[in-house]
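Asks: These protein sequences, in sequence, are chains C and D.
One rule links them: number in the numbering used here = place in the first sequence (from 1) + 98.
One rule links them: number in the numbering used here = place in the second sequence (from 1) + 98.
Just so you know, the hints here were simulated from the structure itself, not pulled from any lab data.
A portion of the hints provided could be inaccurate.
Copies of one chain are not kept apart here, so a pair can be met inside one copy or by any two copies together.
Heads up, simulated DSBU-like pairs for lysine-lysine below, C-alpha to C-alpha not over 35 Å straight-line [stated by the list, open to error]:
1) K398 - K166
2) K348 - K139
3) K293 - K412
4) K293 - K389
5) K210 - K391
6) K166 - K391
The lines below spell out each chain.
Number of protein chains: 2
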Amino acid sequence: MEDLKIPSFEDIEKAHIRIEPYIHRTPVMSSSAINEIAGCKLYFKCENFQKAGAFKARGAINAVFSLKEEEAAKGVATHSSGNHAAALALAAMKRGIKAYIAMPETAPEVKKKAVAGYGAEIRYCKPTLESREETLNQIIRETGATFIHAYNDFNIVCGQGTAARELMQQQGDLDIIVAPVGGGGLLSGTAIWAKHEKPDITVIAGEPENADDAYRSFVSGELQPAVPPNTVADGLLMPLGRLTFKIICKYTDEIITVDEPAIVSAMQLIWERMKIIVEPSSAVALAAVIKRKEEFRGKKAGIIVSGGNADLRKLPF
Amino acid sequence: MEDLKIPSFEDIEKAHIRIEPYIHRTPVMSSSAINEIAGCKLYFKCENFQKAGAFKARGAINAVFSLKEEEAAKGVATHSSGNHAAALALAAMKRGIKAYIAMPETAPEVKKKAVAGYGAEIRYCKPTLESREETLNQIIRETGATFIHAYNDFNIVCGQGTAARELMQQQGDLDIIVAPVGGGGLLSGTAIWAKHEKPDITVIAGEPENADDAYRSFVSGELQPAVPPNTVADGLLMPLGRLTFKIICKYTDEIITVDEPAIVSAMQLIWERMKIIVEPSSAVALAAVIKRKEEFRGKKAGIIVSGGNADLRKLPF
Numbered sequence: 099m100e101d102l103k104i105p106s107f108e109d110i111e112k113a114h115i116r117i118e119p120y121i122h123r124t125p126v127m128s129s130s131a132i133n134e135i136a137g138c139k140l141y142f143k144c145e146n147f148q149k150a151g152a153f154k155a156r157g158a159i160n161a162v163f164s165l166k167e168e169e170a171a172k173g174v175a176t177h178s179s180g181n182h183a184a185a186l187a188l189a190a191m192k193r194g195i196k197a198y199i200a201m202p203e204t205a206p207e208v209k210k211k212a213v214a215g216y217g218a219e220i221r222y223c224k225p226t227l228e229s230r231e232e233t234l235n236q237i238i239r240e241t242g243a244t245f246i247h248a249y250n251d252f253n254i255v256c257g258q259g260t261a262a263r264e265l266m267q268q269q270g271d272l273d274i275i276v277a278p279v280g281g282g283g284l285l286s287g288t289a290i291w292a293k294h295e296k297p298d299i300t301v302i303a304g305e306p307e308n309a310d311d312a313y314r315s316f317v318s319g320e321l322q323p324a325v326p327p328n329t330v331a332d333g334l335l336m337p338l339g340r341l342t343f344k345i346i347c348k349y350t351d352e353i354i355t356v357d358e359p360a361i362v363s364a365m366q367l368i369w370e371r372m373k374i375i376v377e378p379s380s381a382v383a384l385a386a387v388i389k390r391k392e393e394f395r396g397k398k399a400g401i402i403v404s405g406g407n408a409d410l411r412k413l414p415f
Numbered sequence: 099m100e101d102l103k104i105p106s107f108e109d110i111e112k113a114h115i116r117i118e119p120y121i122h123r124t125p126v127m128s129s130s131a132i133n134e135i136a137g138c139k140l141y142f143k144c145e146n147f148q149k150a151g152a153f154k155a156r157g158a159i160n161a162v163f164s165l166k167e168e169e170a171a172k173g174v175a176t177h178s179s180g181n182h183a184a185a186l187a188l189a190a191m192k193r194g195i196k197a198y199i200a201m202p203e204t205a206p207e208v209k210k211k212a213v214a215g216y217g218a219e220i221r222y223c224k225p226t227l228e229s230r231e232e233t234l235n236q237i238i239r240e241t242g243a244t245f246i247h248a249y250n251d252f253n254i255v256c257g258q259g260t261a262a263r264e265l266m267q268q269q270g271d272l273d274i275i276v277a278p279v280g281g282g283g284l285l286s287g288t289a290i291w292a293k294h295e296k297p298d299i300t301v302i303a304g305e306p307e308n309a310d311d312a313y314r315s316f317v318s319g320e321l322q323p324a325v326p327p328n329t330v331a332d333g334l335l336m337p338l339g340r341l342t343f344k345i346i347c348k349y350t351d352e353i354i355t356v357d358e359p360a361i362v363s364a365m366q367l368i369w370e371r372m373k374i375i376v377e378p379s380s381a382v383a384l385a386a387v388i389k390r391k392e393e394f395r396g397k398k399a400g401i402i403v404s405g406g407n408a409d410l411r412k413l414p415f
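Extracted from the complex, chain C is given alone in its bound form (with noise of 0.2 Å):
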């Protein structure tokens, strides 16, 4: 029977406590640049510095460090295209234990060599989410792992969520919050916690038009089949799962979807002005706001940097 339960913000900063001994606190940067091109003043969240290079270490040592050492002792096992696997073998590695992770063939070559390099074993499958489940199924039925999955898990939101406590923090006068929302890991736990810290705040995400599950889902009120995506954005290509969506539907107040030359074209726009390297699915959260412009005029909004593990050999621009 699936958990529905959506964390609260004492559930976060439990985790907060947890992880932080294994976990960067990430810098917020500005750029006078693009808030000139935007409008608006921008707090980027740079979560591309956080260890494995992705927020997605929040999530999976809160994960793997909340787990009964029983269950600790089997290992824990996957299927991801890439963050949430190098994230979740890091947390493995730093507690001792196995890690065992379905992985695309197709996922970036930079993702492939981080997640084999923190020690995990990797088990190729095809890039569908049926294979994926096949050979995570296998793992589990072999090894006796546990199952962390990548974002629709209690423990994952609650640790996704202290990116945005950590920005609320460095940066206490935020009108707006905006992320980025592929599983809506990200989202749901940013979502609670900018919600119970500044409940007029306004919590906004960014979404690739070519892979809008959750914008159809949010505004439809019912959780919306994914067409299959086909967007740069490889860090969003997954649809909402039933406790992300609930919690999205009760926390978030709008989803703006964006073209893929917009998100191109704010990637860029991050790598020439701030000089940071910033993967595609990071710049929706800007294409966003430069779609929006007038919403966002004269506001201060803190934009979760997602994470940095571009292919360096296959850029967009």
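Given chain C, work out where chain D should sit, using these hints.
Replies: Below, chain D without anything else, positioned relative to chain C:
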């Protein structure tokens, strides 16, 4: 008659006070992955996040704000392949005066755009020192603008030295400080400050093998003519000047040359592991550390990351 007066540490302090309202106090970053590869602790002073994307803003702003009113009124002029041009254009804009730049047609697009963006007047020339100087002289005849040399200039050296001053405030216990050397402005300022603040610190420069006039001058004790440079490190193409040569001989302990594959691989390491964008010239310092691993083992070394103005459409890896 050329002024070969060497700046003192007080001159660097005064420069720092003069420029502080206009520059960023850039962060110092570390990477446990790179520390492991290098076998020492490295602290990267991230001048890639500096205004105009490079340390050059420090020197240019110091030089422009050191001018008397009547000099400033006629504007400033220089020849530069990129970062000094953008920095001088920025500095002139901050003071509200004109900047005239003689720029090789072959300069990276991103640098041309930056210079134009700061409102400077660009005159294109051939990518030879002769053509650059001829174009510059014509500008000066026409306008009466003050020539601000990119590095062989007292005020420029003072400004560049402020990066080392900040770094040593931010990370006090360095055994070694490393900077790349092209014309020698950054290295000169760095060396003067470092040896003042910590007389037993080791000052090391990294230089491309394919543009090694500083190394040959340093070891022979005589300013050597440059042979046409041929390196990916496009910020290090200029030969030492008489002032910077004199300073470097006095305050630098060693110049380490590195080959092109080492520069490219160090650059890729910084991009992949630190998720920051640095230009090839900045990677020369890390390449020097990795080449002489034994010399750095277990030490704490500060690295001045010179800039982040890499042409994203022409990556060398």
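Asks: State for each hint whether it applies.
Replies: The hints, checked one at a time:
Proximity of K398 to K166 under the C-alpha cut-off of 35 Å is found in neither arrangement, the shortest distances being 42 Å within a copy and 40 Å between copies. In this assembly of identical chains, the alpha carbons of K348 and K139 lie at most 35 Å apart only when taken from the same copy (27 Å versus 46 Å across copies). For the identical chains of this complex, K293 and K412 are neighbours neither inside a copy (38 Å) nor across copies (44 Å), given an alpha-carbon limit of 35 Å. Taking identical chains as interchangeable, the C-alpha atoms of K293 and K389 lie at most 35 Å apart only when both belong to the same chain, with a minimum of 24 Å there against 51 Å between chains.
With identical chains, the CA atoms of K210 and K391 are at most 35 Å apart between copies only, with a shortest distance of 28 Å across copies and 37 Å within one. Proximity of K166 and K391 under a CA criterion of 35 Å is satisfied in neither setting, with 47 Å inside one chain copy and 43 Å between copies.
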